[in-house]
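Fit chain B to the supplied structure of chain A, relying on the hints for placement.
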Amino acid sequence: GAVVSQHPSRVICKSGTSVKIECRSLDFQATTMFWYRQFPKKSLMLMATSNEGSKATYEQGVEKDKFLINHASLTLSTLTVTSAHPEDSSFYICSARISGHPGGEAFFGQGTRLTVV
Amino acid sequence: GQQVMQIPQYQHVQEGEDFTTYCNSSTTLSNIQWYKQRPGGHPVFLIQLVKSGEVKKQKRLTFQFGEAKKNSSLHITATQTTDVGTYFCAGPRSGGGADGLTFGKGTHLIIQP
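Residue numbers (our numbering), protein chains in the order written: chain A, 723 to 839; chain B, 143 to 255.
Since the hints were made in silico from the structure, they are not lab data.
Predicted model, so just to flag it, every value in this text is computed and none were measured.
Backbone N, C-alpha and C fix where the C-beta goes; we use that ideal spot for every residue, glycine too.
Any given hint might turn out to be false.
On the chain A side, residues computed to face chain B include the following (Cβ under 10 Å) [what the hints assert, rightly or not]:
id, residue
1, Val726
2, Ile734
3, Cys735
4, Tyr758
5, Lys764
6, Ser765
7, Thr771
8, Ser817
9, Glu827
Straight-line alpha carbon distances no greater than 27 Å define the calculated DSS-like cross-link-like pairs of lysine-lysine that follow [unchecked claim]:
id, chain 1, residue 1, chain 2, residue 2
10, A, Lys736, A, Lys764
11, A, Lys786, B, Lys247
12, B, Lys247, A, Lys764
Away from chain B, derived, C-beta distances all over 12 Å, residues of chain A [as the list claims (entries may be wrong)]:
id, residue
13, Ser740
14, Lys763
15, Glu781
16, Glu785
17, Lys786
The shape of chain A in the complex, shown without the other chains (with noise of 0.2 Å):
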């Protein structure tokens, strides 16, 4: 199946600091991509929407100044958290669905762990 690289796996940052996660899809293009926040045992809450070579939609109560999403390339989107807190610490996970293929499955990074200290 397709693959999405999500990079770094883990993250340990001080407060105040920004840290910058990436996701890539590897043999597909995706002119979208959704990046999810997970707290410990708890369910995927959809953050954002990227979309490649536009703004991204942020879901209600995400601050989009906070986390910066950019999707420059069809292969690749980043999102950065800026002015970490330690409240921020979160497992998060990007996942794409290939372009042109609205109905079929949604293939996830690895997830990124960030701990803000």
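What follows is chain B alone, placed relative to chain A:
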């Protein structure tokens, strides 16, 4: 807004027992998908159901899609320790474009040897 509800939240079973998780949507779905997330891992696609009343099997797993296309279930026969994980159902987001999914809260399956 659209809600996808899943029960139970946790299920403890003895190895060899059966397991079922149920998924209900507040809106009619064009399709429903099931994912499995192992502890510490990421969600992995299991199956997609499209037709009303559809039943699909994957070895010991049986998936059903309700006649009204608003509910679904996953049944595992004779659970094994490898079945441990969280099972999520997901449906297309109503009114949302760009192929987004709404996930249920998941059912955590815990198996006691």
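We went through each hint and held it up to the structure:
no., hint, result
1, Val726, "holds, 9 Å"
2, Ile734, "violated, 17 Å"
3, Cys735, "violated, 20 Å"
4, Tyr758, "holds, 8 Å"
5, Lys764, "holds, 7 Å"
6, Ser765, "holds, 4 Å"
7, Thr771, "holds, 5 Å"
8, Ser817, "holds, 8 Å"
9, Glu827, "holds, 4 Å"
10, Lys736/A x Lys764/A, "holds, 25 Å"
11, Lys786/A x Lys247/B, "holds, 24 Å"
12, Lys247/B x Lys764/A, "holds, 6 Å"
13, Ser740, "holds, 24 Å"
14, Lys763, "violated, 7 Å"
15, Glu781, "violated, 9 Å"
16, Glu785, "holds, 19 Å"
17, Lys786, "holds, 16 Å"
Violated hints, in rising order: 2, 3, 14 and 15; the structure is consistent with all others.
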